[in-house]
Structures are given as C-alpha cells and as structure tokens.
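Use these hints to put chain B onto chain A, whose structure you have.
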Amino acid sequence: MIAIIDYRAGNLTSVERAVRYLGYPVCITHNHQEIAAADRIIFPGVGAAGKAMADLRELGLDQVIRQAFVDGKPILGICLGTQIIFSMSEEDSYTRCLGLLPGVVKRFPDPLLDEGRRLKIPHMGWNQVLFAEHPVFAGLGAESEYYFVHSYYPEVPEEARDLIVGTTCYGITFTSAVALDNLVAVQFHPEKSGAAGLVILDNFCRWSPAC
Amino acid sequence: MLSKRIIPCLDVREGKTTKGIKFKNNVDIGDPVEMARFYYEQGADELVFYDITASSDKRDIMIDVVRRTAEAIFIPFSVGGGIRTVDDMRAVLLAGAEKISVNSAAVKNPAIIADGAKAFGSQCIVLGMDVKKVEASQKIPSGYEIVINGGRTFMGIDALWWAREAERLGAGEICLNSIDADGTKHGYEMTLTKMICEAVSIPVIASGGAGTPEHIRAVLDEAGADAALIASMTHFGTYTVQGIKEYIHDRGIKTRMAW
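Heads up: the sequence lines are chains A and B, in that order. According to my numbering, the first sequence is numbered sequentially starting from 1. According to my numbering, the second sequence is numbered sequentially starting from 1001.
Chain B on its own, in the form it takes in the complex:
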C-alpha cells in the first residue's frame, strides 16, 4: 500500500529561505539547498519550494536553487510561485524539480493546467488552491471560496467546483491550503479537506494549520488526505519529520519509516 507523505514546505525569496531552521545549536540556516538536504536526511517524503520572489527579473535565482537542490537530494520536490507559462514550467522541470505547482495563475488562466499536463504529463502538475470559508450561496454552494493574493482577493469561484475542474483539465494532484487555518497551529481545516478528498480521485495534500503530530494524524486518517504539508512545526525545531512519522506510524498510519 502507498504510504502517506510528510512534505516540508520552504518559502524562498531571492534564493534564501525566509525563515531558517533553528537547528539544535540554534544556528539559523537560510540556504534552501542545505535545508532541503537536512529534511531529506530526516526522512521527508517530498519537498515543496514556494518562490515568493517579488521581482520577475530575479527568477533565475530560483532556477539555480532548484538545480543545486536536485544535485543534493534524491526524493521528489515541487516548485510553486510565479509560474505563469508552459515555458516557466519547463525551466523548473529541466532544472530538476519533479513537479510544478500553479495557483493564482491557474485561476486566471485555467488552460495552463491542460497545457502543462499535455506538455509534461499530469503527474508533473500540482494545482495549489487557497481557500476561505464563506456563507454558502448560489454562487458558492460548498461554502468554500477560492482566494488569491494571500486571501485578500475573493475570486467568486467555488472551491469544490474548482477542484473537480482542475482534475478534469489534467491536474495530477491538489495542494489544498486553508487560509483560515494557515498560521493558527490549531489543525488542518478538516471539513474542507474531507470534502475535496471525497470529490476528486487525484491525490490531495492538506496544507495550513498544522501545529502538532496529532493534527497530521487526523488529516491523513479522518479527512483522507494523501499527504500533509508542514512548515513552522519543523522549521523551528519544535518537531522533527522523524518524530512526526513515528507518532503517526504508532497510530496505524502507513508512512515510510526507513530511508
């Protein structure tokens, strides 16, 4: 049987992680390649880089990070942020990423999902969805709406509809981020995650809100997510990937325990 995946997410700006890992000796390490290697050695099943570089003429810095990471770790990793065209996708994939993730670019131009899937295969295309809970209405029947710009702009698109539409267009995976839960450390948005997992037949990565290993166990087991994205839980040394895996493994979740 497939193992449930634990996926650390690193935010990168102009080639540096925005928040370094606090290692045991309390030294911040801001090099994304070193952090990737650290997580690889800890047993991460996959990694996500999210490029938050604002200026587009500095995008090549990210390509270099991807290339150096691909030389240092031998697990799949994906890159998101700032990918708007098939050429952007190609550059990241050729640099050595396994997958690319599109979010607001796909909301504005859904054809990029189909174009990317046709050019590189669905297994390369991850749809990132930022979602906020709203009053259920005729327009947003599920009560969950797609947002962009970090949650500031409501797009008038129902999250449930968008997940199904992305699958139909050829997305190979969905990374589902609850803007409401993000940063709270109170746990993943279970209702939303369960709803999306039941609606699509592609894998769903739960994102936003993880604060404890129990939150991860719950979203993988009860909500049915295939993978859990983590960030601050492990970046600051509160937990380790290995510790999280031991916790969920002891509670009957199949996860990769040897690496």
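So here's chain A without its partners, still in its complex pose:
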C-alpha cells in the first residue's frame, strides 16, 4: 500500500488518481498506523509552509514522517511537501520545517530577470529539469517537461550539493529535485506532468532504495 499523507494541504486526489491509474494500491490518510504499515509514502501539498507545518504538528505527522525516513521507507515529496522537508522556509516570516534535509526554502528574487525581461512569479507552467542519475528519474527523455506551480524553491548549502538530483532554469538555476537515501523529492507535480510525470511516479512505486 502507498500512503498519501493527508495534512489538509490542498487537493490530494490528483496524486491518488495518477498512482491508481498506474495500478498500485493507494490511500489518502493521516492515520499513524496506516502510514506506519504502508510500503511507501507520498508527501504532497499545495499551500503555504506556515499552515502546513502547524497542521502536520497538530496531527502528529511530523514525527510519523521522521520515523518513516529513519526506518528507510521510500518517501516521495511533491511541491510544498518537498519544501517542508528542508530545515527552514522563508515563507510566513520564517517557518521551521521538518529538517530531514539541510537547506532553506527561499522566495524567487523580485524582480526575476531573463535577458532583461521580467519573469512572472509564481513560476507556473511547463519547464525542463536537468536530472542527475537516480533510479526514480530513469528512462526520461532529456526534452521532457514537467508542470510547476510555486513561488519558493529550496536552496541547498554548498557542502550538501550531493543531494541535488535535478535543476531547472527560470531566471536563476534552482534545485527542482533532491534525494537522500530512501527520500526523493521534487518541486514540480509529476501527477500533472503527462507521460513523463507518470514515469517518475511508476519508478518511485517500484524503487528499492539501497540503504
């Protein structure tokens, strides 16, 4: 069973539908036992970091996710879920996050410029990702694009750059995918990214992290 963590952070049904379409058993849950019993975890989310962290703590899910990470269970972070895996987010006047990975989630600089042209924030739409080698990102064409909707991005410290497994250009080059042991996390929405996104979800659902 794949557990999609429900912490009131947006509509999780699109992730559920995509995983079900691929033929895997999946549930949306905030039940600690159900999550502990699941084979793998998807940690999605749309919204703001401050409320997301408050809700996670209130539901006791921060500890559940930490435990799953320590236990070596495969975890996939998506969008806001990815951001709050880091230590801190600038959003909502600095929110302390889960701290599974070192780094601070920052707002895109304003103005964000590309050849003198002002770019729109949020970064919304289709963009490319330059992936490093990782089993969850195997079999993707270099030309493939992924659907993003976000105003913040994770900044990984210099000494932890090994965590970065995907980067995207939008005025600046930012980290759009990270991985550590049994954890992999993406800033874009694989469930809205067409066939390429489904490949990533399928890879994740089969992945056996070597740790």
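These are computed hints drawn from the structure, not numbers from a lab. No residue lacks a Cβ here, since even glycine has one placed at the ideal position from N, Cα and C. Check before you lean on any hint, since a few could be wrong.
[Claimed, not checked] Listed next, the stretches of chain A that the computed footprint assigns to chain B, with coverage defined by at least 3 CB atoms under 8 Å from CB atoms of chain B: (1) 8-14; (2) 29-39; (3) 125-131; (4) 137-147.
[Stated by the list, open to error] Here are the simulated SDA-like cross-link-like pairs (lysine to any residue), alpha carbons at most 25 Å apart as the crow flies: (5) B:1118 - A:108; (6) A:120 - B:1249; (7) B:1108 - B:1054; (8) B:1254 - A:117; (9) B:1194 - B:1143; (10) B:1058 - B:1084; (11) B:1118 - A:57; (12) B:1118 - A:121; (13) B:1108 - B:1161; (14) A:120 - B:1185; (15) B:1016 - B:1088; (16) B:1139 - B:1160; (17) A:106 - B:1167; (18) B:1185 - B:1134; (19) B:1254 - A:113; (20) B:1254 - A:112; (21) B:1058 - B:1105.
Relative to the frame of chain A, chain B by itself:
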C-alpha cells in the same frame, strides 16, 4: 525557461461536447472525456472545459465529467461556466480540476475572486474576461469594455482596469477573450492582448480568433501571451496540437515538444 502553452477548449452541454472532433475517419466523438484524452495524447499542455449547461439542476453531470476526465488525463485542466460560489469551486476542484474559471459571476460579485483565492490559492483562480472594443471615453479609457451574455450586455467596466483589479483581488491567471475576434478565424486581438499582458504580472491566456498556427505564433511572441486557447482549429481536424507546436517551435517559441 517556461514553455508557452497550447490549450484546447471544449464546450460541454449536459455532459456532451457541443461540437465533436472530426477524427481522420470522420467520426464525431461527443464524449468530453474521450476528447480530453485525445488532446492529452496529442500533447495539449492544459485543457479548458466550458460548461454551457443552461439548467442548474443538471450541473452534477459536469462534476461527473470532471471526475472521469481527472482519471484519464494527467495534465492540468480548468473548468468554467456556471461557477458562482466558493462551494461551486470546491465541488469542481475536488472532482479533480486544477483550476476554476469565473467570468460574469466575478463581474457581478468581484469578492468571489478574493474568496476563491483565499480558500484554494490564487493558482486555482482564473478570471475569464469577455471584451469588446468600444470608443475610448472617460468611463472606458482603454477603449475596451467588459461584456457578458456572449457580448450582448455591456457592463460599463474598463477591461484594463478590470484585469488589474482581478490581479489585486488574487486571480492567478487571466483568460482574455475578444468577442470581436471570436469565431472570425482572422487571428487574436493583438492590441488588446498586448495591452493586458503588459498591465498585469499574472499569466494571460489569449482567446478568440485563432485560425492558423501563425496567429498563435504572433499572439505568443508579439503580444506576449503566456498561452493560446484554441477550439475550432483543432476540433474539426484542420490542424493538430502537435502540428501547431511544431510550427511555433520551428519559429523560435519555446513550447513543450516531448510528451
């Protein structure tokens, strides 16, 4: 860099598309879910459903279409038409749409933009604007006026002011439809589109008038639109989404070419 989006628009009445796609074998397909799947496979970047069901007690049919579409395609899609309250928005979003679009409901009650943005986030809220060119006046300084009822009712609201106001209220995107250009196949209303694109910092989808891939290239490149809405161009098999993308890509527009 972000790709420019090509967005087919499907009109749906009581669960059926009003105009089926003429496939190569000339068979009309009136099922919106099948049409959505067809466009998804062709490389559409997003889809828009416009619900033109007249009777409100048949709205649940649309919710079912949204639910079945969400199970069949894995790209964002939005739903417009008949959405008047935050509860209407919630029903459509929970059924699996990524965005909802409000048009005349927002003209009559602008607070729905702010309420929707607060409840679901700005990225969910698209403001649809139907616009007609008029004589510039003190009331309508831009010379473009907001209309409703398919262009029959003039609202005395300046389109440029309304676009900025919608952004301020929390709209995440604008779908800008020129009633003058709509259905002509002579191209998008370039002056209007450029004006609105320069006035707001949220993405603008150009709508109304597309007849050739060159029209799409022009509105994305010269007018600065972020996305182009298409309907009859592809519904009747004259062009394909893939063909349009190849055309604009060959002319230097960044668009998603692998799917």
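Hint-by-hint comparison with the structure:
1. Closer than 8 Å: that is the beta-carbon criterion, and the stretch 8-14 of chain A has 4 residues meeting it against chain B, so the requirement of 3 holds.
2. As drawn, the stretch 29-39 of chain A meets chain B at 0 residues by the rule of a beta-carbon pair under 8 Å; below three, the given contact is violated.
3. With a cut-off of 8 Å between beta carbons, the stretch 125-131 of chain A has 3 residues touching chain B; three or more are needed, and the interface restraint holds.
4. Counting residues of the stretch 137-147 of chain A whose CB lies closer than 8 Å to any CB of chain B gives 5, so the stated coverage by that chain holds, three being the minimum.
5. Distance check on the hinted pair: residue 1118 of chain B and residue 108 of chain A sit about 21 Å apart at the alpha-carbon level, within 25 Å; holds.
6. Distance hint between residue 120 of chain A and residue 1249 of chain B is fulfilled; the C-alpha atoms sit about 21 Å from each other, no more than 25 Å.
7. For the suggested pair residue 1108 of chain B and residue 1054 of chain B, the alpha carbons sit about 18 Å apart, so the restraint of at most 25 Å is met.
8. Between the alpha carbons of residue 1254 of chain B and residue 117 of chain A the distance comes to roughly 15 Å, so the proposed pair stays at or under 25 Å and holds.
9. Restraint check for residue 1194 of chain B and residue 1143 of chain B: satisfied, since their Cα atoms lie roughly 14 Å apart, inside the 25 Å limit.
10. About 15 Å separates the Cα atoms of residue 1058 of chain B and residue 1084 of chain B, which keeps this hinted pair within 25 Å; it holds.
11. For the hint linking residue 1118 of chain B to residue 57 of chain A, the alpha-carbon distance of about 22 Å falls within 25 Å, and the restraint holds.
12. At roughly 18 Å between alpha-carbon atoms, residue 1118 of chain B and residue 121 of chain A fall within 25 Å of each other, so this suggested pair holds.
13. For the proposed pair residue 1108 of chain B and residue 1161 of chain B, the alpha carbon gap of about 15 Å is at most 25 Å, so the pair holds.
14. For the hint pairing residue 120 of chain A with residue 1185 of chain B, the CA-to-CA distance comes to about 29 Å; that exceeds 25 Å, so the pair is violated.
15. For the proposed pair residue 1016 of chain B and residue 1088 of chain B, the alpha carbon gap of about 20 Å is at most 25 Å, so the pair holds.
16. Restraint check: the Cα-Cα separation between residue 1139 of chain B and residue 1160 of chain B comes to about 12 Å, which is no more than 25 Å; the hinted pair holds.
17. Under the criterion of a C-alpha separation no larger than 25 Å, the hint pairing residue 106 of chain A with residue 1167 of chain B is consistent with the structure, at around 23 Å.
18. Of the pairs offered as hints, the one joining residue 1185 of chain B and residue 1134 of chain B holds, with about 21 Å between alpha carbons and a cut-off of 25 Å not exceeded.
19. Distance check on the hinted pair: residue 1254 of chain B and residue 113 of chain A sit about 17 Å apart at the alpha-carbon level, within 25 Å; holds.
20. Pair hint residue 1254 of chain B plus residue 112 of chain A holds up; C-alpha atoms about 19 Å apart against a cutoff of 25 Å.
21. For the proposed pair residue 1058 of chain B and residue 1105 of chain B, the alpha carbon gap of about 18 Å is at most 25 Å, so the pair holds.
Checked against the numbered hints above, the structure breaks hints 2 and 14 and satisfies the rest.
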